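Dock chain B against chain A, hints included.
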Amino acid sequence: MDSESFEGSFRVSDESPEAEYGDDGVDLTLIRWMLSLTPAERLQVLQQNVRSIEKLRGRFSNR
Amino acid sequence: MADSPTVDFTGILQALLSNQVDFVVVGGVSAVLNGAPISTFDLDIVHSRAPDNIERLLQALEELNARYRQRPNQRPDRGHLSSSGHQLLSTRSGPLDVLGTIGRGLGYEELVTCSVEHEVSGEMKIRVLNLDTLIEIKEELDSEKDRAVLPILRRALKTIQDSNK
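For the record, the sequence lines run as chains A and B.
If you read the first sequence in our numbering, its first letter stands for residue 205, the second for the next number, and so on.
If you read the second sequence in our numbering, its first letter stands for residue 5, the second for the next number, and so on.
FYI, nobody ran anything at the bench for these hints, they're computed from the structure.
Computed from a predicted structure; not experimentally measured.
Glycine included, C-beta positions come from ideal geometry on N, C-alpha and C.
Careful: at least some of the hints might be erroneous.
[Claimed, not checked] The list that follows gives simulated cross-link-like pairs (lysine to aspartate or glutamate, EDC-like), each with its CA atoms no further than 20 Å apart:
{"#": "1", "chain 1": "B", "residue 1": "K169", "chain 2": "A", "residue 2": "E222"}
{"#": "2", "chain 1": "B", "residue 1": "K162", "chain 2": "A", "residue 2": "E258"}
{"#": "3", "chain 1": "A", "residue 1": "K259", "chain 2": "B", "residue 2": "D46"}
{"#": "4", "chain 1": "B", "residue 1": "K162", "chain 2": "A", "residue 2": "D227"}
{"#": "5", "chain 1": "B", "residue 1": "K129", "chain 2": "B", "residue 2": "E113"}
{"#": "6", "chain 1": "B", "residue 1": "K149", "chain 2": "A", "residue 2": "E222"}
{"#": "7", "chain 1": "B", "residue 1": "K149", "chain 2": "B", "residue 2": "E113"}
{"#": "8", "chain 1": "B", "residue 1": "K162", "chain 2": "A", "residue 2": "D228"}
{"#": "9", "chain 1": "B", "residue 1": "K169", "chain 2": "B", "residue 2": "E144"}
{"#": "10", "chain 1": "B", "residue 1": "K149", "chain 2": "A", "residue 2": "D228"}
{"#": "11", "chain 1": "B", "residue 1": "K162", "chain 2": "B", "residue 2": "E143"}
{"#": "12", "chain 1": "B", "residue 1": "K129", "chain 2": "B", "residue 2": "D12"}
[What the hints assert, rightly or not] Under 8 Å between C-beta atoms, here's a sample of chain B residues computed to sit facing chain A:
{"#": "13", "residue": "D12"}
{"#": "14", "residue": "P41"}
{"#": "15", "residue": "S125"}
Looking at chain B on its own, in the form it has when it is part of the complex:
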């Protein structure tokens, strides 16, 4: 990364919402919003790859001055955002991973049904992947990074379930 902007997840979310982008927050930030005490340095989202949403996302990314973390001279385009691939970006408000699909090819349409709405600032409401699904996906991925955080996610889920009994 050429520079290190102050991480402002709220600022990134605000840019996405003000452009009416359809997305679900996944990854570490979704774990935190669900109450798991972990840390992360980037915001991961899965976006709708419908053509009109891609246009809105491009506008939001333009406002955020989004560029590839490994190729700072390159900006994501329609082709990149229409794919199922992962766009690892740096923005003026911190790192943002824009993901076409996660896990076993799960896209926005599948994930939005496994999400909950959270209010994160003022009247800012976002869709966030639920803890059950996040755990399932991390179990499937089975990477060392995911295995490290799974005990905390499972404990958080169990605590929530116990408190609802």
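Extracted from the complex, chain A is given alone in its bound form:
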């Protein structure tokens, strides 16, 4: 499958509620997922992301 047909099979119109990306390249699935969470859950996701990156930094800096 070439890249054009690959994209064509997944990307649908920006206006569609099923669109995965906006015409500006923003991942709409992530936005829908974040909006499905409560603010408390969103904060937890952010803290987990930051801690994961901190762990990775620690791992690499110890090499």
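Okay, now just chain B, sitting in the frame of chain A:
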């Protein structure tokens, strides 16, 4: 920064709330709380610069062992917190930016009217800048960092608006 404490935004917010500090969460954390999928490593707040609130904030910062990120031996004082300037601090729970004003001189009194209350942990409720105002401020600032995140903020706002139709 002398050390790298584990980032605990909830812990910082808890210290501010337990000392009854009047503040609005702005910046990246406000974007996340409003549903924008971005990442950030510090918590930005704009505080009321009323004298009694400065005292409560000083107490909270003491509990958090807050010090300047670039000058670890210096703690923020009343003068710093009464100014419109930005105090970039390191705390035991991670980086905290305490901002007198943001954008075109917007302080707590202006921003609190553009905020929404969110429950972030148990019964912990905080005032968070709304997405419309955050976008306006970032558009005005027009820095490269702000431009990079604007498409995501606009998309999140549009998705919220569409879902409310």
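Hint check:
A distance of roughly 17 Å separates the Cα atoms of K169 of chain B and E222 of chain A; the hinted pair therefore holds under the 20 Å criterion. Between the alpha carbons of K162 of chain B and E258 of chain A the distance comes to roughly 32 Å, so the proposed pair goes past 20 Å and is violated. Only pairs whose Cα atoms come within 20 Å are accepted, and K259 of chain A paired with D46 of chain B is accepted, the gap being roughly 17 Å. The suggested pairing of K162 of chain B with D227 of chain A holds, with an alpha-carbon distance near 13 Å, which does not exceed 20 Å.
Restraint check: the Cα-Cα separation between K129 of chain B and E113 of chain B comes to about 18 Å, which is no more than 20 Å; the hinted pair holds. This hinted pair does not check out: K149 of chain B and E222 of chain A have alpha carbons roughly 29 Å apart, beyond 20 Å. Simply put, K149 of chain B and E113 of chain B have alpha-carbon atoms about 26 Å apart, too far for the 20 Å limit, and the pair is violated. Proposed proximity of K162 of chain B and D228 of chain A is supported: the alpha carbons are some 13 Å apart, at most 20 Å.
Distance check on the hinted pair: K169 of chain B and E144 of chain B sit about 28 Å apart at the alpha-carbon level, beyond 20 Å; violated. Straight-line distance between C-alpha atoms of K149 of chain B and D228 of chain A comes to about 17 Å, which keeps the hinted pair within the 20 Å bound. Restraint check for K162 of chain B and E143 of chain B: the C-alpha separation of about 16 Å stays at or below 20 Å, so the hint holds. The straight-line distance between the Cα atoms of K129 of chain B and D12 of chain B is roughly 16 Å, inside the 20 Å bound, and the hint therefore holds.
Using the Cβ-Cβ criterion of 8 Å, the hint placing D12 of chain B at the interface with chain A is satisfied: the shortest such distance is roughly 7 Å. Hint status for P41 of chain B relative to chain A: holds, with the closest Cβ pair at about 4 Å, below 8 Å. The restraint placing S125 of chain B at the interface with chain A holds, with a minimum CB-CB distance near 6 Å, inside the 8 Å limit.
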